[in-house]
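There are 2 protein chains.
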Amino acid sequence: MKLLEDRIRKDGNIKAGNVLKVDSFLNHQIDIKLLNEMGKELKRVFSDVEVTKILTIEASGIAIAAIAAQYFEVPVVFAKKSVSINIDGSVYSTKIESFTHKRIYDVIVSKKYLSAEDKILVVDDFLANGCAVDGLIDLIEESGAQLQGVGIAIEKGFQEGGKRLRGRGVRVESLAIIDAMNDETGEIVFRQ
Amino acid sequence: MKLLEDRIRKDGNIKAGNVLKVDSFLNHQIDIKLLNEMGKELKRVFSDVEVTKILTIEASGIAIAAIAAQYFEVPVVFAKKSVSINIDGSVYSTKIESFTHKRIYDVIVSKKYLSAEDKILVVDDFLANGCAVDGLIDLIEESGAQLQGVGIAIEKGFQEGGKRLRGRGVRVESLAIIDAMNDETGEIVFRQ
Numbered sequence: 001m002k003l004l005e006d007r008i009r010k011d012g013n014i015k016a017g018n019v020l021k022v023d024s025f026l027n028h029q030i031d032i033k034l035l036n037e038m039g040k041e042l043k044r045v046f047s048d049v050e051v052t053k054i055l056t057i058e059a060s061g062i063a064i065a066a067i068a069a070q071y072f073e074v075p076v077v078f079a080k081k082s083v084s085i086n087i088d089g090s091v092y093s094t095k096i097e098s099f100t101h102k103r104i105y106d107v108i109v110s111k112k113y114l115s116a117e118d119k120i121l122v123v124d125d126f127l128a129n130g131c132a133v134d135g136l137i138d139l140i141e142e143s144g145a146q147l148q149g150v151g152i153a154i155e156k157g158f159q160e161g162g163k164r165l166r167g168r169g170v171r172v173e174s175l176a177i178i179d180a181m182n183d184e185t186g187e188i189v190f191r192q
Numbered sequence: 001m002k003l004l005e006d007r008i009r010k011d012g013n014i015k016a017g018n019v020l021k022v023d024s025f026l027n028h029q030i031d032i033k034l035l036n037e038m039g040k041e042l043k044r045v046f047s048d049v050e051v052t053k054i055l056t057i058e059a060s061g062i063a064i065a066a067i068a069a070q071y072f073e074v075p076v077v078f079a080k081k082s083v084s085i086n087i088d089g090s091v092y093s094t095k096i097e098s099f100t101h102k103r104i105y106d107v108i109v110s111k112k113y114l115s116a117e118d119k120i121l122v123v124d125d126f127l128a129n130g131c132a133v134d135g136l137i138d139l140i141e142e143s144g145a146q147l148q149g150v151g152i153a154i155e156k157g158f159q160e161g162g163k164r165l166r167g168r169g170v171r172v173e174s175l176a177i178i179d180a181m182n183d184e185t186g187e188i189v190f191r192q
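Those sequence lines, one after another, are chains A and B. Going by my numbering, the first residue of the first sequence is number 1, and it counts up by one from there. Going by my numbering, the first residue of the second sequence is number 1, and it counts up by one from there.
Only chain A is shown next, with the shape it has when bound in the complex (with noise of 0.2 Å):
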């Protein structure tokens, strides 16, 4: 999405350790405007499948879930975490291993709002090494609830998450896929 591409071009900050601050925007401060279009794209790269609810996890998902959820017309849903939430019967739960925190969080969602019935669209702000959106399909796949597919807003192609998961059969459309950036030079190179 050429828009969003030209945006981390302009705005994004590429640090040393692979490390892409996208603050300005989409993490911290938002433009609204922009996260309407990338709604509307992946309504648009998602038309031909059924969904019947967004899943996302705390909190960066949020904002671009809840504005894509308008074009789709369904709820959103958020997974909580914290490093010590009492698990029991009414939650579905996972453990993710964030890189960013060093640190292991419990992940849950209530059973109320996952089902077998639900079309489930992934969506998040980042796809890295792919942990967040791995415990998001556990808690799809515990609760019956069927993945049509992931939508990301930027991918980082050259960690391993995308390629793992499009290799186990999910369906991933990233709105930008970075294939190589350089902290010296401030390059970066989108797939085409």
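Derived by calculation from the structure, the hints in this document are not laboratory data. One or more of the hints may lead you astray.
The list makes no distinction among identical chains, and a pair is therefore deemed to hold if it is satisfied within one copy or across any two copies.
[Stated by the list, open to error] BS3-like cross-link-like pairs, simulated, lysine-lysine; straight-line CA separation at most 25 Å: (1) K21 - K40; (2) K163 - K95; (3) K102 - K119; (4) K111 - K95; (5) K43 - K33; (6) K102 - K10; (7) K43 - K15; (8) K40 - K119.
Position chain B relative to chain A; hints supplied.
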């Protein structure tokens, strides 16, 4: 706002200890159509003030803030919370006590995204004791930005937050104010 009051009566779940669960439509599963109507109403209520940014706090404030921002045509900034953030000179920071989680969080906003030129509308899903809003106002004051008002989805009018904020001259507009609720009878009294 009658639409929200009706929804709270229909799907809200009153628990002992003055707990109101609205996680079927507001803060776990999110009814985006309802949020759209709430966003429009916040714009109508605050149509007389200039707003350059909406400020909220992760996680459950993000969806209502993002949807409302479409009607104000401004970006959203969400404050980040953590039990252990490295506070450095690049952020405004404060501490917020969470009664729900019985924990004190460091809450930060990057100095890049709040400035003395900004006119801020604070948006959040709930107002009870007001600690989260107090913390956001601390960050706004630290930045020199102007607080234009606080827009809340559901205010627990029987807790002190709304009264205290209004008492110090803050304009607080809540789409639904609960003056009393009874977990045995299920009765809810809304402020007129």
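Evaluated hints:
no. : hint        : verdict
1   : K21 - K40   : within (24 Å within a copy, 31 Å between copies)
2   : K163 - K95  : within (21 Å within a copy, 41 Å between copies)
3   : K102 - K119 : neither (32 Å within a copy, 36 Å between copies)
4   : K111 - K95  : within (16 Å within a copy, 33 Å between copies)
5   : K43 - K33   : both (16 Å within a copy, 16 Å between copies)
6   : K102 - K10  : neither (29 Å within a copy, 41 Å between copies)
7   : K43 - K15   : neither (32 Å within a copy, 38 Å between copies)
8   : K40 - K119  : within (19 Å within a copy, 29 Å between copies)
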